[in-house]
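Sequences listed follow chains A and B, in order.
Every position in the first sequence, counted from 1, becomes a number in our numbering once 275 is added.
Every position in the second sequence, counted from 1, becomes a number in our numbering once 408 is added.
Because the hints were derived from the structure by calculation, they are not lab data.
Possibly wrong hints are sitting among the right ones.
Unchecked claim - If you want a taste of the chain A side facing chain B, the calculated C-beta under 7 Å gives, among others: (1) 303; (2) 304; (3) 306; (4) 307; (5) 318; (6) 319; (7) 364; (8) 371; (9) 374; (10) 377; (11) 378; (12) 379.
What the hints assert, rightly or not - Straight line, CA to CA, 20 Å or less: simulated SDA-like cross-link-like pairs of lysine to any residue: (13) A:317 - A:379; (14) A:317 - B:413; (15) A:297 - A:316; (16) A:317 - B:468; (17) A:379 - B:517; (18) A:317 - B:519; (19) A:379 - B:452; (20) A:317 - B:447; (21) A:317 - A:362; (22) A:379 - B:413.
Remember, it's a predicted structure, so these values are computed and weren't measured experimentally.
A virtual CB, placed ideally from N, CA and C, is assigned to each residue, including glycine.
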Amino acid sequence: GENVEQHPSTLSVQEGDSAVIKCTYSDSASNYFPWYKQELGKRPQLIIDIRSNVGEKKDQRIAVTLNKTAKHFSLHITETQPEDSAVYFCAASRSGYSTLTFGKGTMLLVSP
Amino acid sequence: DAGVTQSPTHLIKTRGQQVTLRCSPKSGHDTVSWYQQALGQGPQFIFQYYEEEERQRGNFPDRFSGHQFPNYSSELNVNALLLGDSALYLCASSLDRSPSTIYFGEGSWLTVV
């Protein structure tokens, strides 16, 4: 089955800095890669996603890049703010399915 | 438009007991999946229901079972509870085979003592 590895497990940055979280996946049949933000005690919320036919997608301060050949995808957050502090999860889904395999998460702490 | 509704929000059970968790999907969604999220870990897929049948199953023992009703709502049952079953149980609803429509509920926190 699919295996998703996520790094780093924790990331501390100063407000205004950029943050990058990286994931790798194993199943070449995966074609949908979402990123979720989960605040303490809350549900995972989709913040951005990318499909395998696209190399990069941007939404304001957040961007995701995908390298299908290397099976890597990354989340980039620019101009970080304290409210960006949360746990971020990457995930992958196979074509034709609506189930997700998650990474173990990255705790992002943005200090004022 | 209500999102995914789960109940109960918190519960405490004793080892060996049985528990039932409930989920009402987002309006218009026909597929329900359940995930287990242990503390400090990512959610792990338990199983998925579509048209009242279990369509996919993750690596979980038979102690974990479920049901989907004609109105698309779902239940997760766990028998013979173990301490290791303590976790946040997330219900996610979606349209059939459309991962971009996945929407998570707030979850049910289960503590086994």
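ask   = Taking the least C-beta to C-beta distance, is residue 378 of chain A closer than 7 Å to chain B?
value = Residue 378 of chain A check passes; min Cβ-Cβ to chain B is 6 Å, inside 7 Å.
ask   = Does residue 319 of chain A meet its interface restraint, that is, does its C-beta lie within less than 7 Å of any C-beta in chain B?
value = 5 Å, holds
ask   = Holds or violated: residue 317 of chain A with residue 413 of chain B, Cα cutoff 20 Å?
value = 13 Å, holds
query = Hint check: is the beta carbon of residue 377 of chain A less than 7 Å from a beta carbon of chain B?
reply = Status holds, d = 3 Å.
request  = Would you check the hint for residue 317 of chain A and residue 468 of chain B, treating anything up to 20 Å between C-alpha atoms as holding?
outcome  = 24 Å, violated
ask   = Should the interface hint for residue 318 of chain A be scored as holding, given a Cβ-Cβ cut-off of 7 Å against chain B?
value = 4 Å, holds
inquiry  = Can you verify the interface hint for residue 374 of chain A: is its Cβ closer than 7 Å to any Cβ in chain B?
reply    = 5 Å, holds
inquiry  = With the threshold set at 20 Å, check whether the alpha-carbon distance from residue 297 of chain A to residue 316 of chain A stays at or below it.
reply    = The hint is violated at about 24 Å.
message = So if I understand the rule, the pair passes when the alpha-carbon distance is 20 Å or less; does residue 317 of chain A with residue 447 of chain B pass?
response = 13 Å, holds
message = Check the hint pairing residue 317 of chain A with residue 379 of chain A against an upper bound of 20 Å on the C-alpha distance.
response = 16 Å, holds
query = Holds or violated: is there a CB of chain B closer than 7 Å to the CB of residue 364 of chain A?
reply = 5 Å, holds
query = Does the nearest C-beta of chain B fall within a distance shorter than 7 Å of the C-beta of residue 307 of chain A?
reply = 5 Å, holds
The structure does not agree with the numbered hints 1, 2, 3, 15, 16, 22 stated previously, though it agrees with the rest.
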